[in-house]
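Student: Here's the letter readout for the chains.
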Amino acid sequence: MRKLFDHPILQVKESELVHFLFNGEKYQGIKDQAVSSALIANNIHVFSHHHKNNAAQGIFCANGQCSHCTVLINGMPMKSCVTPLNEGMDIRRLEGLSELPIKDHELRDHRNIHHSCDVLVVGGGPSGLIAALELAEMDFKIILVDDKSNLGGKLLLQTHKFFGSKEDCYAGTRGHEIAKILENKIKAHKNIKIMCDTMVAGIFKDKKAGLFVENKAYHLVDFKGIIISTGARERSLIFPGNHLPGVYGAGAFQTLVNRDLVKSSDEIFIVGSGNVGLIAAYHALQAGIKVKGICDILPEPSAYKVHADKIKRMGVPLYMKHTILHAEGDDKLQKITIAKINDNNRPILETAKTFKVDTLLIAVGLAPIDSFFNMAEQFAFPTVKTGDADEIAEASSAMFGGHIAGLQMAKKLGKNIKIDEDLYRKAEILKSHPGNIYPKQNIPLTEKYQPMIHCLQEIPCNPCETICPVNAISLHKRKGNIMDVPEYHGDCIGCMKCVTICPGLAISLAKKISGTEAEIVLPYEFLVDFKAGKKLALCNINGDYLEDGEVLKIRFDKKTRTTLLSLRCSLKNAKIIAGIRIQDKQIIKAEKDASINYFPDNAIVCSCEMLTVKEVKDYILEHKVRDINQLKNIRVGMGACGGNNCSLLLPRIFKSMDIDFKDVYLPRPRPSSVEIPLQALINEEINES
Amino acid sequence: MKNYDILVIGAGSIGLATAYEFAKRGLKVAVIDKEASPGQGENKSAIGGIRATHSDPSKIAISLKSIELVSSMQKKHGYNVQWKQGGYFYPVYTKADEITLKELLKIQHQLEVNISWISPKETETLIPGINTKNLRGGTYSPGDGSASPMMLADAYYQLSRKAGAEYFFRESVVDMKCDRTKINKVVTNKNEYSAGMIINCAGAYAKDIAKMSGEDIPVFPESHEAGITQPVKSFFDPMIVDIRPVAESQNYYFYQNREGQIIFCITPLPPISGTDRDSTSAFLPQVVKRMIEIYPRLRNLYVRRTWRGLYPMTPDGFPLVGMSNKMENNLLAVGMCGQGFMLGPGLGKLMAEYYIDNEIKHKYVFDGLNPYRKFVAEEKLK
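First to last, the sequence lines map onto chains A and B.
With my numbering applied, the first sequence has no gaps in its numbers, which climb one by one up to 689 at the end.
With my numbering applied, the second sequence has no gaps in its numbers, which climb one by one up to 1382 at the end.
No lab work stands behind these hints, which were simulated from the structure alone.
Here a beta-carbon is modelled for each residue, glycine too, at the ideal position from N, C-alpha and C.
Incorrect hints may appear among the rest.
Coverage of chain B stretches by chain A, computed from C-beta distances (three or more under 8 Å per stretch; other residues unrestricted) [what the hints assert, rightly or not]:
1. 1128 to 1140
2. 1207 to 1220
3. 1231 to 1242
4. 1248 to 1258
5. 1286 to 1299
Full structure from sequences and hints, please.
Tutor: In structure tokens, the structure reads:
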């Protein structure tokens, strides 16, 4: 087993080990960990071979939203990412279509299981948890369901400190810690019934929801109102080799590395320069994984500037205006090739660069999972959607949105309350995209510590202002809200709280120690495997190397699990040093010769049914397709994921054929999203408890 | 105004095959449908069974023709429609059902349907693992089978377009202008049409269409629910039809298609009338219990999704096919009672042969389906 690594931020818990078989061979894993993580921890990346073309398949979403990770568990095909590992499991690679396990005994004891509640909250992520709490406080009886074993949703994967404001959304606290705080509140509340490892299978006209519970039972729930806080799914991308094991979503990667502490990879590359992609790069570095680069077709990263700056300083190159050409490998990803794009977004093959990596993360955006909301609305049930299911934004905004969603639902259920307009305004601000960039404030060095603020772009974030005990930092009032950038006014007492709390790692302290030298304090969220006296490479805000600095003192703040390093540096650079390089230049080198085998029509559009761009395009052309339903004739959207993934890719296919997607008719959303064994639907041999 | 020889209302199971057969004869054919592409109404809700094992001469003749056409579709025209000749099996658990089905066998044999009674032992060989407790045997018709409704719809769409038929999608008929004997104009939300013959193939909406020419036809949609599982390796062939009614449902049936997926459907009791397509929580537990009872092996299959479709029912369970007795240029091909998919290919062909080629030998088929008959008999194998 790939040992759980020591993590600079996360505490590695003592875990119970269990044994399991994979294709008849004995392995060890951690009890209750997702089977997919246990397999990858044992270096098993190929989970199945597809029945159409025998292509190898591994994980993609690790979030129950696709079916790539299906394996045979004790004879049954199951999504390994939502199945907890148990002692003695017999796991097998799925080779083609599975054979039906033969159990011919007569129908045994069976039953229907019912619950009822005032509000069913679907999804226990940041928005759902807050909404549930809000409603429970108002004495509504809540059932909160979540498809994972632990509450918190994506908060559990966020080892970084949160943006936003302290009062509204725990800014400055790490995501996984926020999850714990909220989980404890929820668990203590008498009005909330929690159902983990539970997926909503359908919402029905008779105002019931069908729940698939712990992979084995089916419960029907009556509700008065339903909150949809189901989050988002990661978009995939069309390029040749996109189906190879080792190509997966950034969220899946965070699940492996941050939730399950599995060092899934040795060397990765990332497509997408949004917050998700850049944070994934950061998480990889924290896990001791090399990040060879990040590419994006955009001219500038779409993430917060502080994220991009941080990543550049750590020695990860950003290839802007670059696209992924293809991924290659036999049964598993071995290398990827990127190239610059021209003004028409076409790749310039002469600029191709190839990198040897074992993992390619796709971080090209998220799509709301809101089909249950649409169904509930169609049935005219009281319903509210919140968090990413409503609009893709930061988790800080999701929490605040959950608060509003709770109030909205209470109102819909007849509670006489008024929702303050101010709340909506605040919610909008928290959802804001990054704004203007301002020049850096020039603070003359003195013999006393003073903050050097490398946070220059408007983002919704203010913990530095709220934590400063002497109000030495405040937001420069331009917009008049938390989008404004911070500014120093003097009188720093050197408490280092701003350095510790800044989610963007964008504040350092500096003081003069001689006529030529200065001392700086930098936050450091990596394993400290060195002592004072060690020389570290120091960079400016853009990641340009400036000088080596000697470590003078190492402080570890237990509460925030942040290390602060004091370093000696030259006086002239003290103000502009913003961070420490983690990766050596050697690591990020491209291969000497680029590998160019560019056949874009070979890319897979529908990976459930293994349909290529060419097959789909040919059919559209030949049959003059203007109704997505027609594509079902070649099985687009007929697979296990219910069209969740390919439906996000089809607009691009039509666009590439110069067909206006507005002229294309879209099918009705599907009523069921999760596959359930027949036996579970009638709770055969399941007790009501 | 657009003028055609034939105007088909509805590009579904009946309309598509009809358009092809009429266009093939050199007639200028137009097809109007409110959906965005062919077969998007009840056609795609059909589960795909095609059988000749009915209880009356008309449907048997039509279905035998359907089987002939669908089974040769790939060979003759190159369209793979997932035809599988897996047969139909009606298991029998009660004395009463045994008597009914054995009586039917006599009629079916007279009409040259390939069907016979098989013993529980033979059943076990045919359907490995089936629950044989109280099983008395059943009727098995190896010539019957199944195909993909969507792919068959597409095949007829392609064939009819090649034969010259024109299609107008996302177009709803909103009005008809008639004199005392003729429909002069069909008005849609986009256009106006006139035609030598207007064929009502509007399925669940046939009654609404007929009303526009002042005709009241007894077609009443009922909602049925169906589902499909994940694909697994093939493990049984026939469509299994259990005709026993229980407290909340009547018959139900299921089979494994060429992709390896099990498709199943149930008739609710009491029937759910109307055009509501929204799923209810009752369906899955209800049908699943009955399926596992009869075939325990199914318990480990995963249900992938469910949907509802409409059965355009008639008072006696038989279709209404024939010329309108009010409007001389109006042909009715409606009220298929949930069997439009299996009847469509044969019916399209027989209608063209009877009404265009004047093939008199089909007279008995259409006499049996006369829309103005007295509804006395009742279909025994709905």
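Student: Against each hint, give a clear statement of whether it holds in the structure.
Tutor: For each hint, the structure was consulted:
Residues of the segment 1128 to 1140 of chain B with a Cβ under 8 Å from some Cβ of chain A number 3, which satisfies the need for three, so the listed coverage holds. Residue count for the segment 1207 to 1220 of chain B with a Cβ under 8 Å from a Cβ of chain A: 0. That is fewer than the three needed, and the coverage hint is violated. Check on the segment 1231 to 1242 of chain B: 4 of its residues sit with their Cβ under 8 Å from a Cβ of chain A, so the three-residue criterion for coverage holds. Only when three residues or more bring their CB closer than 8 Å to a CB of chain A does the claim for the segment 1248 to 1258 of chain B stand; here the count is 0, and the claim is violated.
Coverage of the segment 1286 to 1299 of chain B by chain A holds. Counting CB-CB distances below 8 Å, 9 residues qualify, and the rule asks for three or more.
Violated hints for the displayed structure, listed by number in ascending order: 2, 4.
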